[in-house]
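Q: Here are the chains, one letter per residue:
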Amino acid sequence: MNNNTLSGKIFDAANYLFLGLMALVTIFPFLYIIAGSFATDSELTARPFFIIPKTFSLNAYRYIFSTDTLFHSVFVSVIITGLGTAIDLAFTFTMAYALSRKQLAGRNAVLNLVIFSMLFSGGLIPTYLVVKSLGLLDSYWAVVLPGAISGFNLILVKTFFQEIPFELQESAKIDGCTDIGVLWRIVLPLSKPVIATFALFYAVGHWNDFFGPLIYLNDSSMWPLQVVLRQIILLSQGTIGDPNNMDPNFVQPPDQAIKMAIIIVGTVPILLVYPFLQKHFAKGMMIGALKG
Amino acid sequence: MEKAIDTVPQLRKISFADRLKRDKWLYALLLPGLIYFIVFKYLPMWGVLIAFKNYQPFLGFFKSEWVGLDNFKTFLQNPDFFRLLRNTTILAVYDLVFYFPAPIVLALLLNEIRISAYKRVVQTLIYVPHFISMVIVASITYMLLTTENGLVNVLLNKWIGHNIDFLSSEAWFRPMIILQSMWKEIGWGTIIFLAALAGVEHEQYEAATVDGAGRLRQLWHITLPAIRSTIIVLLILRMGNFLDRGFEQILLMMNALNRSVADVFDTYVYTIGITQGAFSYSTAVGLFKSLVGIVLIFTSNYLAKRAGHSGLF
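From first to last, the protein sequence lines are chains A and B.
Using my numbering, the letters of the first sequence correspond one by one to residues 1 to 292.
Using my numbering, the letters of the second sequence correspond one by one to residues 1001 to 1313.
Just so you know, the hints here were simulated from the structure itself, not pulled from any lab data.
Treat the hints with care, since some could be wrong.
[To be verified] Derived, one-sided and incomplete: chain B residues facing chain A with beta-carbon distance under 8 Å: (1) R1019; (2) K1041; (3) P1044; (4) Y1118; (5) V1128; (6) A1138; (7) L1145; (8) N1149; (9) V1269.
Here the structure is a predicted model, which means the values were calculated and not measured.
Beta carbons: idealized from backbone N, C-alpha and C, even for Gly.
All chains should be built: construct the whole structure from the sequences, respecting the hints.
A: Here it is, written out as structure tokens:
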């Protein structure tokens, strides 16, 4: 579009400006919270609008890490994310591979079963009762298993597998590979970018999962980060720091700075993986957008 | 010997038992996933029957007595029903009017950017909130909007001289929810439209320019038709989820002061079912909602086909 008319130029300028503002508005809340987490009491009450604090204080961070509540919940989240992602990938990829092979008798019936489950679900209470009757309440399996396969992801992976030339798989079979061997030695090595994409999607899902732990884990010592964050920041229930662990001269940081520091701790892990995510998700979304 | 027969294809139709045997490893791969779908998707579907029972945990599923449509009648006669229907529908309509078109407009604007580095920076930044958990998003909202030195209220105090208590206001609840989800998701929502736009051949624009079409005409005759089918598919999918919007989000933003406008079917099912243990009644509420969703998805699909589009199925 080579539009060098005046109105075209005005539109372009406005558009660049608007999108730039849009990006700033998106990122501003994070900057504000980061700045606030380093603030001191006087700075938050006397001069509350700032983006760079004049006096820089790590007290809020010292305070939230003075007990092991936060460490513990981060540890729990890491376990749930690791275990959950491994299970999701194993379940999704094995099933998708079987369904990608046209020779499989009953393939269409299973596919219809999957598609129907995407349109209609039993809902919250029946699912809860199934989990309960399996004896999974108050165990991490209850958080990990009920969402192990996303029907949508399954179909995307299946479609991707169908694109891999079948001749390649057939020759491996002639060389004596079983179907499992073909998946392991031929198909999966060719699927690394797809595995990475879905691993990251599933991992972000588990890391951010709040509702599963909320309904399935009653024991607060089992809570992952998200539930603890809600408890402390939004409900102001439960304490995080212990002033007795600090030296006598320690000035208790303002409540707001403490909450901001907790938000930052909850956000940093995702922001660390974001650069890796970004490389892959465009590719992952394309599989969905163009073929699915 | 078996191998030799296999290499002569389609000489005779192999029996089901033989196919089972031949593909035994494929079935082994299929099995974990199949069990997953049966246990965690289809058992709950069957469990929906407790909506027609008076489920007592100590009696269990089979021994609890049938009560027919009683739970549905109770719900439809409950004053809660209209409150929930109104809250859910208004939020869904707001969604459709403000939240749904936003990524489309944003994608069209991004598509006009010619400096690719600038485009990449903007995209990188607007995708970020999608990856942040709803709990964090709610927490950030809380920190910005609270009347105790929240940034927005500090500014309001300076400009208009008083606070607005967004967090516990009935009037501000819906705009707050919609803006929150827009902030979180519109950047991410552009991806699918940008992919569709990337497929448009550049020659079409050049030809249009030669024919004297201005930018608006190109938008109308080339760009929009290119993403029309994507828009329609997403719209149909959206209709299916019309009533189950933003469960976590609403649960997190709801409090005693805004509950009357915040409570929706999903939060109600959670409160009545999980926290108060009225399993049969809340399952009936959930089932009612699912059925409306199915009707909406089939209706909108039918309408899309009637209007000459390809539809979802």
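Q: Was the hint right that B/V1269 lines chain A, CB cutoff 8 Å?
A: Cβ of B/V1269 sits 5 Å from chain A, so the hint holds.
Q: Hint validation: B/P1044 versus chain A, beta carbon distance must be below 8 Å. Holds or violated?
A: 3 Å, holds
Q: Hey, does the B/K1041 contact hint survive, CB to chain A under 8 Å?
A: At about 4 Å, which falls below the 8 Å cut-off, the nearest Cβ of chain A leaves the hint on B/K1041 intact, so it holds.
Q: Can B/R1019 be said to touch chain A, with a Cβ gap under 8 Å?
A: This hint holds: B/R1019 lies near chain A, its Cβ roughly 5 Å from the closest one there, short of 8 Å.
Q: Return the status of the interface hint for B/N1149: holds when the least beta-carbon distance to chain A is below 8 Å, violated otherwise.
A: Check passed: Cβ of B/N1149 comes within 5 Å of chain A, closer than 8 Å.
Q: Going by Cβ atoms only, is B/Y1118 closer than 8 Å to chain A?
A: It holds, given that the least Cβ distance between B/Y1118 and chain A is near 7 Å, below 8 Å.
Q: Minimum Cβ distance from B/V1128 to chain A below 8 Å?
A: 7 Å, holds
Q: Given B/A1138 was flagged as interface, is its beta-carbon under 8 Å from a beta-carbon of chain A?
A: Nearest chain A Cβ about 6 Å off; hint holds.
Q: Holds or violated: the hint that B/L1145 contacts chain A, with Cβ atoms closer than 8 Å.
A: Hint violated; B/L1145 Cβ to chain A Cβ min 11 Å, cut 8 Å.
When held up to the earlier numbered hints, the structure conflicts with hint 7 and nothing else.
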